[in-house]
Each structure stands twice: as structure tokens, then as C-alpha cells.
Amino acid sequence: MKVTFPHMGNAWIVIQTLFESLNVDVVVPPFNSKRTLNLGTKLSPESACLPLKLNLGNYLEAANAGADTIVITGGIGPCRFGYYGEVERQILRDAGYNYDVVTLEPPDGSMAGLAKRIRFLAGRKNSWVKILKAMRFAYLKSVALDRVEDLIHAARPRLPHPLHTEKLYESAKQRLAQTMTEKGVQDTVRWVQETIRERQEGLNSMAEGINKPLRIGIVGEIYTILDPFSSVGIEEELGRLGVEVDRSIYLSGWVGSHIFRGIAPGYRSIRSYPRHAKPFLPHFVGGHGLETVGAAVKFAREGYDGIIQVFPLSCMPEIVAASVLPKVQETYKIPIMTLIVDEHTGHAGIQTRLEAYVDLLERPRLLRESIQTREGVLGVGG
Amino acid sequence: MLVDDKYFLGVDVGSVSTNMVLLRPDNTVKEALYLRTQGRPMQIIQEGIKLLRSKIGKSAEIMGVGATGSARQLAATLLGADVVKNEITAHAVAASRVNPQVQTILEIGGQDSKIIILRDGVVSDFAMNTVCAAGTGSFLDQQASRLGIKIEEFGPLALEAKNPVRIAGRCSVFAESDMIHKQQLGHSLPDILAGLCQAMVRNYLNNVGKNKDIKGPIFFQGGVAANPGICKAFEEELGQPIIVPENYDVMGALGAAYLAQEKVGSRPGTRTRFRGLDLGETRFLAKSFDCTGCANRCEVVEITQDGRSLARWGDRCGKWSVAGVADTAISGLEQKEEQRGA
Chain A
1 MKVTFPHMGN
11 AWIVIQTLFE
21 SLNVDVVVPP
31 FNSKRTLNLG
41 TKLSPESACL
51 PLKLNLGNYL
61 EAANAGADTI
71 VITGGIGPCR
81 FGYYGEVERQ
91 ILRDAGYNYD
101 VVTLEPPDGS
111 MAGLAKRIRF
121 LAGRKNSWVK
131 ILKAMRFAYL
141 KSVALDRVED
151 LIHAARPRLP
161 HPLHTEKLYE
171 SAKQRLAQTM
181 TEKGVQDTVR
191 WVQETIRERQ
201 EGLNSMAEGI
211 NKPLRIGIVG
221 EIYTILDPFS
231 SVGIEEELGR
241 LGVEVDRSIY
251 LSGWVGSHIF
261 RGIAPGYRSI
271 RSYPRHAKPF
281 LPHFVGGHGL
291 ETVGAAVKFA
301 REGYDGIIQV
311 FPLSCMPEIV
321 AASVLPKVQE
331 TYKIPIMTLI
341 VDEHTGHAGI
351 QTRLEAYVDL
361 LERPRLLRES
371 IQTREGVLGV
381 GG
Chain B
1 MLVDDKYFLG
11 VDVGSVSTNM
21 VLLRPDNTVK
31 EALYLRTQGR
41 PMQIIQEGIK
51 LLRSKIGKSA
61 EIMGVGATGS
71 ARQLAATLLG
81 ADVVKNEITA
91 HAVAASRVNP
101 QVQTILEIGG
111 QDSKIIILRD
121 GVVSDFAMNT
131 VCAAGTGSFL
141 DQQASRLGIK
151 IEEFGPLALE
161 AKNPVRIAGR
171 CSVFAESDMI
181 HKQQLGHSLP
191 DILAGLCQAM
201 VRNYLNNVGK
211 NKDIKGPIFF
221 QGGVAANPGI
231 CKAFEEELGQ
241 PIIVPENYDV
251 MGALGAAYLA
261 QEKVGSRPGT
271 RTRFRGLDLG
281 ETRFLAKSFD
291 CTGCANRCEV
301 VEITQDGRSL
311 ARWGDRCGKW
321 SVAGVADTAI
331 SGLEQKEEQR
341 GA
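Chains as they are written, first to last, in the UniProt record's numbering: chain A, 1 to 382; chain B, 1 to 342.
These are calculated hints, taken from the structure and not from any lab test. One thing to keep in mind: the hints can contain errors.
[Said to hold, decoys possible] Listed below are several chain A residues computed to face chain B (Cβ distance under 7 Å; list not exhaustive): (1) K34; (2) P326; (3) E330; (4) A348; (5) T352.
[Stated by the list, open to error] To list a few chain A residues with every Cβ distance to chain B over 12 Å, as calculated: (6) D25; (7) R35; (8) E86; (9) H164; (10) Q178; (11) V189; (12) W191; (13) Q329; (14) H347; (15) A356.
Quantities reported herein were computed from a predicted structural model and do not represent experimental measurements. Ideal Cβ positions, reconstructed from N, Cα and C, are used throughout, including at glycine.
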């Protein structure tokens, strides 16, 4: 048995770790690329959302490396992703790929069923103690990954060489993927922290004043906000434009609430979002629609400068959220922009919107500052 | 006169048109060019510069250059622009310079349409069409040529309508089949054209203008503003007068020229990066290739002038763009620092 799984941003590091510590053969599919999308699009119904197309592309690419079993999470409620495991199994079968598909449902249904599936994947040789230990370690790694990601979010607008920051991020991910000890995980986070601090100190000694960067909260559908390929690198782009981004959902927060039922909160718990959303959207609408609204309210209350919602074309829960967000915008006087992503890999459209949005947030501030400096000059002169 | 010989150049390279504006230091427009891009932005930019050169004196001096539009990066590289800005900011700057009171800008261009909401001269909200081109100029172009009329005749004919027919505006494919159907039933051409204008305006307001607080004064700019049929449909739908500014078709370029003026004016002593009016005579070449360095397989484009590499872009990691960086390729961060330093 060779297990593979769909890509979603950095999730591969965590999933690979989980299976490797159980000595299960695992195939990490090649990263999402135009090729992945092309392969997936050929097999997908045209109106399916972007994640399905990318998932299928991942499986086809993994099949070349000998994968024969797919692990995917399931879900309940009105989001199509919940049945993608089954849909994908049938599509692959029709296309001539004999994949076993194991859908890990959240433990709302039968716990015994979930246990059976985990046992199937882990094989006979692993004891439950070992399985739980492996899950705990993978979880720790996902929290560390999220911390690293957040450090990079903060570093991008503050450090002068975008390329160096991206390199740091890449090597941190490589280190995290390779280490199999808790110490190694912690050391990597510390290494990233210290590297950023050193680079920043270098700046301060050169007396380069660093203004407080704009802060933008990114909310929306989980796959597209966690996966930079689908969002056309929006976080990196905003970082280059001098913006510090934060996100409504981080991988470990989702894993914590989705798989561990909130026993482990993850790096950024998503538990408070429904409470924040309540005045605007009082009930579950499928997917992460409720979390999107709640996170937008939370970001607004925390004084963020702007909010960007990202979702794949035709995502129903996010369409519901998108129709609620104008109320949030009005209540908190915070500009909210919605970006819909689909198969386009062209950068220009997204870039224009991001630049214009950052201008929108920044120009009032620049005008204010220029008035202040003028007043300052007048004060001194007069 | 010496003063008359100094200009700021604004260039807006869009999908359908390439516009250039020469702005005098006293904020009046010396020349405005509206050229068809025809899928060859590099040649058209060069032709535009040649044309401008023929219209101004030998001693003329370009003091600053601004580039905008979807090919702004390309234009900035070719020209040596001092400021590169997205078209939303450029349109907003131009409109608020023409009329500081303006609160709404409707802009419909060749491939995209946008709405910009301004309050106190500052952009407070905007939207662009995301996944649909039904409400854009190229659709009108297409339908005009199908009906065998010139695009210039479209608007005046639509105004003659007595009883506009209803046409589905949600999707350009539906609109076209609906139009053919109505035409085969024997409705008059003006009625069909007026119906199409109404459908397009409905589509625009439902998609792009959704949830936007549209207040007057309202500016209507972009190439489509030349069509009085669309203007009338907007006025009927919004119940407010629509103002089409004098340079409606080159507002993006005008905004870019104003931004160049702001940039150069705010830092006395800086010299423009403009490559000179003779760039129309040099040879620009664009090469593209797929980088095989990683799974991203970025499509990298390289621009050369007379064999010398000016810039490369398209790569996510920066491997190529940094290696070939030219003096004009300003990253957002650098640009910001410059603004702050100013």
C-alpha cells in the first residue's frame, strides 16, 4: 500500500510526518502547478470548484509515483467538499485508476468506523499507543508550521529583500518536513525567529525607520486561503506591497477543531468565530461561511485596516458569507474586498486589485501624514 | 516659449486601447492619443511615442512618465516610467483632479469594467468585474460588427429607439442569442440596440455595482462612455445625471500623468527615468520561456532593447526578475519606501 493525499498549502508536511512515523509508505504528490490543474480539469465536471480539480490533478501525478491509496478528509453539511472523496473515487475509477479511497470523516458519525479506517491505513504492526503518539507529533508540527508562517507574515513587510524572506520560509519548511524530533521542531521555529530578528536589527542600525505596516485579515474558504497556488500567492503579494497579513484559519486550528473536536485548539483556535458572527449570521451555513463572517468581525474589532475574502468560484457557503459581509463593512467602517479564484493562473488581475486595495487603505493615511508633516514644518517655522 | 515645451507623459496600455496623454505643468492637456492595442502593446507604445514626437517641438522635454493599465509593467519597462500604478488609482486620481466633488466613477473599458466610489477625493470602495465580460466594450464591438454597423453609429442609433426590446444581459452568449431572436421577429435595429444598452447597464449594476453606494456627481469614463445609448440607459436606471468628462477615453493615462507630476514634483531635483523620445526608433524584443527550476513552471518573459536585457518577469521566486533587473523595475516595497521617504 502506498498512500497519497491531496495538497493544501503546507498540509503535506504534517500528513507526510504522520505516515512516516507509522512506517507507512507515503507519496507526496508534486506541488500544485499548472500541470496539476490541467490534468485535474480534464477529469472534472466543468462547474466543480477549484479544489476538486486540483485534488484530481494531485492523484494523477501521485499515481505516476506508484500511489494506490488516497486519504482525504470528509465533512458534513452543505459544502461539496464533504463528498469529494467519493466523487473523486468514482471519477478516478471511470478514468481507469484503481485507487482505494479512505475518507476520514469527522467523528460525528461512528467512532468505530473512524477507528477502523485509521487501523486500515496504519496496518497491523502499529499499536494504538504508537498511532496516538504519531498523531500528537504531527499535530505539534502543524502548530510549529503555523507559527513559522505567521512569523513570515510579519517579516514580509518589514524586511527589505522579499526574495530572502521567501528563501527563509522555504528552508524552514524543508527543515520542519525533515525533522522527526520535538526538539528539531522547536529549534526550527526558534531559528526562524532569530534569523528575522537579526535581519531586522541590521536594519535598525542603519537607522531605516520602519513604519507600522498596514494589517489585512484574510478570510474565506479554507482550501483557497491555505493554498498559495489557488490564491495566486496573495499573501506573498500583499507582503511585498508592505502589508502584514493574518488569516482566519490556520492548518492546526482547523485540524484541532475538525479532527480532534476541539480537544486541541491549534495555533489559532477557530472556536470564537461563531460567537463573533452571531449578530450578522446566527447559524451554520456549511463549509466555513460562519467562520468567515466571524473572523471578519473579529479582525474589524481588533482594528485591522482591511479584510479580503477569498473563495473558489461557485462556493456556496462563501457566497452566503459574501452577502453578509457588506453589513460588517458598514458596521465597522472597514473596507472588505472579495476575490473569487478559479482556473486562471494569470497574476495581473489579482495584482491590480490588490494594489488598488492597498492604495485605498494607504492613501488616506499618506494624505494625513503629509498634512501632519506640513503642519509640523509650519509649527517650527511659525 | 520654454514653459510650453515641458510635459508629463501618462500612458495607459489596456487590452483594447493604448492611450497617451501629454500634460502641461499647468494641468492642461496638450495631446491625447487613443490607439488600438491590437494585441501588440510593444509596437503600439513605440508608434504612440513616434506620433507624439511628431506633434511637439524638437526642444520638448518630458519631465516625468507614469504608466498604468493591464500592461503597465511592460509600458514602464519600455518607457522608463517614474511611477507605475494600477488603473483604479489612476482613474480615481484623474477624475478627482477634474472634479474634486466626484463621488462615483463608472468605468467601462475593453475587457473589464469597474466602479470606484470616492468620498472626499479618496477612494473608499471599488469593484471590478471578476469572471464575466458581458458588460464590456469588446462585446459591444462584436455585436456592432455582427449587425454591420460601425461602433461609432451604435449609440446615436440606439437613441432613436421608440420601444427598446428586452434582452437578457446576464451573459454575452445569452444576450447574443436573445438579440438574434428579437431581430428575426422583425424588431427595428434601434430598438434592439437600445435594449442591448439597457441589458448591459443592468448587468453592470448587478455585478460590478452590487452593494455600492452610488452617489452623484457620477463620472462615466472609459471607451464605452463614447456611446450615448449607454449613457442614457445609465441615467434612466440610476435616475441621476451622468457626466462624461472631456477626456473620458484617456482618463487612465491622464491619471498616470498626474501621478508622475506628483511623484516628480514632490522630490525636487530628481530626474525622470524616461528613456527619451527616440525610443520609437530602437528595437524592442520580447522572449518568453517556461522556467524548469521547480514545479511552478513559471512563464518568464524577457524584454530586450537592441539586444540589451531590460527586464524579466513572470517568475514567482524572483530568480529571473532579480537577475535581469533594470533600473525601472521597481518592486512594490521599494516604491513604498520611496513614497514614505518623500
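Here is what the structure says about each hint:
no.	hint	in the structure
1	K34	6 Å, holds
2	P326	5 Å, holds
3	E330	9 Å, violated
4	A348	6 Å, holds
5	T352	5 Å, holds
6	D25	21 Å, holds
7	R35	7 Å, violated
8	E86	28 Å, holds
9	H164	10 Å, violated
10	Q178	18 Å, holds
11	V189	23 Å, holds
12	W191	21 Å, holds
13	Q329	8 Å, violated
14	H347	8 Å, violated
15	A356	4 Å, violated
Going through the hint list in order, the structure does not satisfy hints 3, 7, 9, 13, 14 and 15.
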